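Peer 1: Go ahead and model the full structure; you've got the sequences and the hints to work with.
From first to last, the protein sequence lines stand for chains G and R.
The first sequence runs 1 to 291 under our numbering.
The second sequence runs 1 to 762 under our numbering.
Careful: at least some of the hints might be erroneous.
Think about it this way: if two alpha-carbon atoms lie no more than 20 Å apart in a straight line, the pair counts; the simulated SDA-like pairs of lysine to any residue are [as the list claims (entries may be wrong)]:
| id | chain 1 | residue 1 | chain 2 | residue 2 |
| --- | --- | --- | --- | --- |
| 1 | R | Lys686 | G | Ala122 |
| 2 | R | Lys298 | R | Val182 |
| 3 | R | Lys686 | G | Leu42 |
| 4 | R | Lys686 | G | Ile106 |
| 5 | R | Lys686 | G | Ala105 |
| 6 | R | Lys21 | R | Gly248 |
| 7 | R | Lys33 | G | Arg2 |
| 8 | R | Lys686 | G | Gly191 |
| 9 | R | Lys686 | G | Ser35 |
| 10 | R | Lys755 | G | Ala252 |
| 11 | R | Lys757 | R | Glu383 |
| 12 | R | Lys755 | G | Ser263 |
| 13 | R | Lys641 | R | Arg697 |
| 14 | R | Lys686 | G | Ser263 |
| 15 | R | Lys211 | R | Gly36 |
| 16 | R | Lys686 | G | Asp259 |
Anything over 10 Å on all C-beta distances counts as not near chain G; from chain R, calculated [unchecked claim]:
| id | residue |
| --- | --- |
| 17 | Val129 |
| 18 | Gly158 |
| 19 | Ala758 |
Hints are computed from structural coordinates only; laboratory data are not their basis.
Given the structure is predicted, the values throughout are model-derived calculations rather than measurements.
Cβ atoms here follow ideal geometry from the backbone N, Cα and C, with glycine treated the same way.
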Amino acid sequence: MRPAAFDYRAPATLGEALALLAAHPGAKLLAGGQSLVPVLNLRLAAPPLLVDLRRIPELARSVLEHDGALTLGAMTRHRVFERDARVRAAQPLAAAAVPHIAHVAIRNRGTIGGSLCHADPAAEWPAVTLACDAAMTIAGSAGTRTVDAADFFTGLFETAVGTGEILTAVRFPAWPARRRHGFAEVARRHGDFALVGVAAAVDLDERGAVALARIAVFGAADAPVLAQEAAQALVGRRGEGAAREAGRLARARIAPRSDHHASAEYRSELVEVLVRRALGQALGVAPAKAA
Amino acid sequence: MSRVGSSIVGTSVKRTDVIGKVTGTARYAGDVKLAGMLHGKMKRSTIAHANIRRIDASRALALPGVKAVLTHENVPRVLHYGAPHPRSISVTCDQYILDRKVRYWGEGVAAVAATSEEIAEEALDLIEVEYEPLPAVFTVEAAQAPGAPQIHETAYAGNVLFKPVVVTRGDVAQGFAEADLVIEGEYETGRPTPAYMEPNVCVCQWDNTGKLTVWVSTQAAFMVRGILAEVLGLPLTRVRVLVDHMGGGFGAKQDLFQHEFLCALLAKETRHPVRMEYTRGETFVGGRSRHPCKIWLKQGFKRDGTIVAREARTVFDSGAYGSHGPGVTIVGTTALTSLYRCENVRLEGRCVYTNAPIAGAFRGYGVVQTYYALDIQMDEAAERLGMDPVELKLKNAVREGDMAPSDHPLVGHGLEDCIRRGAAEVGWAALRQRPREQAGTLRRGWGMGCEMHGSSAYPGIKEQGNAIVKMNEDGTAVLLTGAAGLGTGAHTALAQIVAEELGLAFDAVSVVHGDTDIVPWDIGAFASHTTFMVGRAAQMAAAEVKRQLLQRAGEQLEVAAEDLEVRDGVIAVRGVAGRRITVRECMGPKLGIPAANLVGNGTYTPTKSYSFAAHFVEVQVDIATGQIDVLQVIPVHEVGKVVHPIAAAGQIEGGIQQGIGHTLTEDYVIDPATGRSLNAGFVDYKMPLSLDMPPIRTILLETAPDPGGPYGAKGIGEDPIIAIGPAIANAVHDAIGVRFRHFPITPEQVLAALKEKAGAAA
Ligand SMILES: Cc1cc2nc3c(=O)[nH]c(=O)nc-3n(C[C@H](O)[C@H](O)[C@H](O)COP(=O)(O)OP(=O)(O)OC[C@H]3O[C@@H](n4cnc5c(N)ncnc54)[C@H](O)[C@@H]3O)c2cc1C
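Peer 2: The structure is reproduced here in structure tokens:
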């Protein structure tokens, strides 16, 4: 398996990268290459030019603000979330999700920007950004714009990043003191893309009841989805019963597809079980792994 | 490591291949680079069953860089055995290099040689093939239905490959009449593939004398030589096959695939060396899988657990060609005569062509399938009889003197020893009494499975092991062997045996292998044969050289050779201190006397020998998601004599990994309507990876050494993949009370079965 021939450039500034995209229609951005290179090798795409983002300083920059908000440059490697305790503490849901992405070697190379722009329906990062209400910064020839995670994932492998644009950063709002999280997924093997997964962020009120919940389900549709009704049904409640009901509601609203890895029916079952489990973790009614 | 004397066999000396492998300097067939070398690629069919109406290569030939294109119109049309030991009952003569007809999706229909792989690949798209589609069958039922399309003219009857094998011992009707309990069931196994790391590859070059040299990744270099010579019409002096290191084969690489012939013919046509390497996808599509199998099994038991009758019918799906279909069917079916003793047995095994991918030889050779059924049914019987399955299996375990499937009396109580030791190790009796977790969604269970497997393919194939040992004038020795090094460490084991026999240090023995012009003939590295048969031949060759050596030493020391012994490189007069000479001194030239030329030849024709194992497994089932995790495996293997403990344990761990894959995650899937392959790659074909592996606590026993094997050693290559499957299925039953009679067992099926069970209970 070899890719078709292509040209390669590694510009040092964002401006140069945007200019290259403008000058070469069909050019592709190269981040960690962990999704793009397999696509090239299988000859599912044959771009004439690859624009490597690795030398552009601002894409690698991350900022942890005083209030706890975290801005990650698009070229931030997944592995940072296993290595940097400050980043982990700032965004515990991301820290729980990242070890489920592929294998160490892939997490060393793969980037958050690449994962978000590739927008695999079973990928962890898109769901985490949805659950955390993150915002993406996109640069284009006309300047920079910001898109909320809820509007970013537009379809199967499709995002709000337009032709000639570059995702530069992702901003996670500060993690509130009373936010709890849960993360659960089922994959056939360690490191495989999930059959279904759930990333949940739950804000509690002073009495420990749910004030607001964001439950992102991935692997069950063309793009990650927020289980809105399930989240609403949680408000004001606590405990295992609430988690169970949310699981049922999520299942009722999401209609997964079959493929040869799993049937739609099995995926539906997993939606219910995993929503229940993720919320169980968030609400403190179940151990992190089981039940 | 410089180990000496009698401690070499049984010691984990540093394997001779590891430095090359870990430093990347070990040479594999795919590493061969020759001046002017071209690259070959195969065009594969996009239909499962069709006649080729028209094939046109003109546009491909016009592409710059393309040097030759072969189709069925310009290659020799010779019907051949694509698998080893031609003319044995194991294999089928049903293949052409390229045929006018295609019989499975992905069969090679043309080949291109070009100046680069990219150009060759591009040229494939320019070859136009017009097919006349034929109805296709993808299951053994469809293939045997009235009116099914006949896939091969050469078949025994319809799509049945060869005359079904029937084995009878005793009187089954009588046996069942005496039974207190009769159990019958249907069992079905999937289509795992060996998934060796090194893709199939060969490089072919012709010299100016018309001699063909082939570098190839094969387990059976002499078979490749023989079949190539036969099909290409060459004497054996005109074909030389070279194999250095290999990245696995697991049985599949006994076959010739289409590319060896095509590569040789492309090299001939272009007068350039040509290299052909399969992509990972092609190793699935054009490779060899395990035979999917359906087994109907019925047994009768006395109330005390004694088995009084066993009847079985097996149907093996050979896919589009015969390959090892007959051998696998015979070995897998006749295996049911044994493991658990039974005097009244009737077995029938058949093998059927379909338009599915080709099934071939694969570690465990039919026995993986049939013992899966047998060992699960034993568990079912134990439950119905209210017995502990370990007790039931112990009661019926084959013993010394029982007739093996090969019709040889068994040596020793290996199986009983394995079961007892494993049960003690895990505290089986206490486990049976333990309280069961009912809270949460995780359920744990224990299960065990047993197996026995023959060393060498004898008597199905009249095998022999051969070896030549030569002394060097500095007192070191060389072993010449035809045995391939698949990556098992076989050459290290053989060198250990020679060093042990000759009384030399391990480092003082080198091994020459992998050149059919030089080394003695070998049938190939398969059927758990190498350490057992070639090891014994090497021991015999070494013993012969030792005899010559002591003769020479006797002359030098002026004593009778019979009074001499050699240890740690020193020859001494037995019982007399001081009368000694080193092997080096004995061998070397002296003033006016040339160095000696001492050569020993060993040939060993075996009787059959069996190794045994019992695997004990703990699993965890998540009843909410259906996921099964294997938590730990305690494999106990009785192998006669352990030559290299680490290599032996490596075989066992690898076999367990493959077996877990078979049972839980691996299945090569084809579209049931078109036969197109759906998961030909390592992303979608799910082998367990290192992170998925449970802890394995291997126990090796030497309680039933075989007098035929070197120092009592028996085979171990195939055994470890057999017992793990039923052990897992039995453990799953123990955990959740659901009986699965097929593999792979998917989480989805677990959930569905649990629901059904809950429904039935409600
Ligand atoms: C065996 C294997 C298993 C995997 N398992 C998982 C898994 O379980 N979960 C998971 O989430 N992922 C998994 N991945 C994918 C991995 O996480 C990738 O790292 C990630 O999807 C893409 O990141 P990348 O930096 O490698 O992007 P690349 O491969 O370089 O790029 C991916 C795509 O995004 C575009 N792109 C990249 N950066 C930008 C940017 N800044 N702006 C606009 N477009 C951009 C590229 O043009 C390309 O189209 C797996 C990969 C492999 C090989």
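Peer 1: Mind checking the alpha carbons of Lys686(R) and Asp259(G) for me, to see if they're no more than 20 Å apart?
Peer 2: 15 Å, holds
Peer 1: Val129(R): least C-beta distance to chain G exceeds 10 Å?
Peer 2: 20 Å, holds
Peer 1: In terms of Cβ atoms, is chain G entirely out of 10 Å range of Ala758(R)?
Peer 2: Non-interface label stands for Ala758(R): nearest chain G Cβ at 14 Å, farther than 10 Å.
Peer 1: Please verify whether Lys686(R) and Ser263(G) have alpha carbons no more than 20 Å apart.
Peer 2: 17 Å, holds
Peer 1: Does the structure keep Lys686(R) and Ala122(G) at a Cα separation of 20 Å or less?
Peer 2: The given pair, whose Cα atoms are some 17 Å apart, holds under the 20 Å limit.
Peer 1: For a C-alpha distance cap of 20 Å, please report whether Lys686(R) and Ser35(G) respect it.
Peer 2: 19 Å, holds
Peer 1: Starting from Lys211(R), check that the Cα of Gly36(R) is at most 20 Å away, please.
Peer 2: 18 Å, holds
Peer 1: Starting from Lys686(R), check that the Cα of Ala105(G) is at most 20 Å away, please.
Peer 2: Holds, at about 19 Å.
Peer 1: Lys641(R) and Arg697(R) were given as a pair; does the straight-line alpha-carbon distance stay at or below 20 Å?
Peer 2: Holds, at about 19 Å.
Peer 1: Checking one constraint from the list: CA of Lys686(R) to CA of Leu42(G), max 20 Å. Satisfied?
Peer 2: 19 Å, holds
Peer 1: Given the hint that Lys33(R) pairs with Arg2(G), test it: the Cα-Cα distance must not exceed 20 Å.
Peer 2: 19 Å, holds
Peer 1: Gly158(R) clear of chain G by more than 10 Å, beta carbon to beta carbon?
Peer 2: 30 Å, holds
This entry satisfies every hint, going by the numbered hints stated previously.
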